[in-house]
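**Q** Sequence:
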Amino acid sequence: LYVRKQALWCLADIHTLKLSEFKASTGWLNKFCKRHNINFKTICGESADVDEVTVEDWKTKLTAIIKEYDTKDIFNADETGLYYMAMPNKTFALKNDKCAGKKSAKQRVTLLFCCSMHGEKENPLVIGKSKNPRCFKGAHVDKLPIEWVSNKKAWMTTDIMTSWLKTFDTKMKRQGRKVLLFLDNATSHPKIELENVRIIFFPPNTTSHCQPLDQGIIQNFKLKYRQFFIKRLLTF
1 LYVRKQALWC LADIHTLKLS EFKASTGWLN KFCKRHNINF KTICGESADV DEVTVEDWKT
61 KLTAIIKEYD TKDIFNADET GLYYMAMPNK TFALKNDKCA GKKSAKQRVT LLFCCSMHGE
121 KENPLVIGKS KNPRCFKGAH VDKLPIEWVS NKKAWMTTDI MTSWLKTFDT KMKRQGRKVL
181 LFLDNATSHP KIELENVRII FFPPNTTSHC QPLDQGIIQN FKLKYRQFFI KRLLTF
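Everything in the sequence shown is counted per this note's numbering, starting at 1 for the first residue and increasing by one.
Because the hints were derived from the structure by calculation, they are not lab data.
Quantities reported herein were computed from a predicted structural model and do not represent experimental measurements.
Think of the CB as a built atom: it goes at the ideal place given N, C-alpha and C, for glycine as much as any other residue.
Certain hints may be false.
Below, in silico cross-link-like pairs of lysine-lysine (DSSO-like), each with a Cα-Cα straight-line distance of 30 Å or less [unchecked claim]:
| id | residue 1 | residue 2 |
| --- | --- | --- |
| 1 | Lys-98 | Lys-31 |
| 2 | Lys-166 | Lys-191 |
| 3 | Lys-224 | Lys-98 |
| 4 | Lys-222 | Lys-191 |
| 5 | Lys-23 | Lys-95 |
| 6 | Lys-103 | Lys-224 |
| 7 | Lys-95 | Lys-224 |
Derived CB-CB ranges, DEER-like [what the hints assert, rightly or not]:
| id | residue 1 | residue 2 | range |
| --- | --- | --- | --- |
| 8 | Lys-31 | Tyr-83 | 30 to 40 Å |
| 9 | Lys-153 | Phe-229 | 18 to 28 Å |
| 10 | Ala-139 | Thr-63 | 39 to 49 Å |
| 11 | Asp-142 | Lys-59 | 32 to 42 Å |
| 12 | Thr-91 | Lys-166 | 37 to 47 Å |
| 13 | Trp-155 | Lys-31 | 44 to 54 Å |
| 14 | Gln-227 | Pro-204 | 27 to 37 Å |
| 15 | Lys-61 | Lys-31 | 40 to 50 Å |
| 16 | Lys-67 | Phe-229 | 37 to 47 Å |
Work out the full structure, taking the sequences as your base and the hints as a guide.
**A** Okay, structure coming up:
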């Protein structure tokens, strides 16, 4: 809308100047965007679906919810998909060179991250398609710094999430801690009562604004993973 208004104003000026042979070339358009600080961006994410009133109401309630807990006992958990074989789709090249590529790799795993407000981190839960992947040959899975589970689609399910929550609850019980765990309202997240873990669900369509793990933590993990992945390929 802003771009449209700026363009209309500019065209109105052109009409006033009586420039009948004016043509909006690519160069003119680029300079126009640069002059008015207009960038071409990709529309992504879910922030457009967020109700600002709901977010503000949630922030007001949040203070009362967390006041009885220390920062070390306030946790957030969230899952994300990782296309672990996908290559970068951008590169440096000469202007006249063609950048031919292949189809993007679709091999994926689902990861569940959980961390506290104080910085304590649980081992990530990784969901793959195979119970015993070839890459685990000769390795002791129980000694890896992850928890590995599997299903046919490598997706989070209610059964997997329930099992993880009960394990997390047992761990907090052994440590003698009463903790608060924030989750989004995904269909795979069960509404269950636990002894030492109180589960609070974010309001619908607000996690892009309210969920701590969505404020750059998961994104930074993926960036670091991609850097490690590319470096490893270059060493072979």
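**Q** Could you tell me whether the CB distance from Lys-61 to Lys-31 stays inside 40 to 50 Å?
**A** holds (49 Å)
**Q** CA of Lys-98 to CA of Lys-31, is that 30 Å or under?
**A** This hinted pair holds, its Cα atoms lying about 26 Å apart.
**Q** Between Thr-91 and Lys-166, does the C-beta distance stay in 37 to 47 Å?
**A** holds (46 Å)
**Q** May I ask you to test the hint 30 to 40 Å on the CB atoms belonging to Lys-31 and Tyr-83?
**A** holds (38 Å)
**Q** Would you check the hint for Lys-95 and Lys-224, treating anything up to 30 Å between C-alpha atoms as holding?
**A** Holds - the C-alpha atoms of Lys-224 and Lys-95 are around 29 Å apart, at most 30 Å.
**Q** Lys-23 and Lys-95 were given as a pair; does the straight-line alpha-carbon distance stay at or below 30 Å?
**A** Holds. Lys-23 to Lys-95 sits at ~26 Å (cutoff 30 Å).
**Q** Does the structure keep Lys-103 and Lys-224 at a Cα separation of 30 Å or less?
**A** holds (23 Å)
**Q** Given a hinted range of 18 to 28 Å, is it respected by the beta-carbon distance of Lys-153 and Phe-229?
**A** Once the Cβ atoms are compared, 23 Å apart, the range 18 to 28 Å for Phe-229 and Lys-153 holds.
**Q** Please work out if Lys-222 and Lys-191 have their alpha carbons no farther apart than 30 Å.
**A** Holds. Lys-222 to Lys-191 sits at ~29 Å (cutoff 30 Å).
**Q** Confirm or reject the claim that Asp-142 and Lys-59 have a C-beta distance inside 32 to 42 Å.
**A** holds (41 Å)
**Q** Given the hint of 44 to 54 Å, check if Trp-155 and Lys-31 actually sit that far apart at their C-beta atoms.
**A** holds (48 Å)
**Q** Just to be sure I understand the hint, the distance between the Cβ atoms of Gln-227 and Pro-204 should be within 27 to 37 Å; is that true here?
**A** holds (34 Å)
The structure meets every hint from the earlier list without exception.
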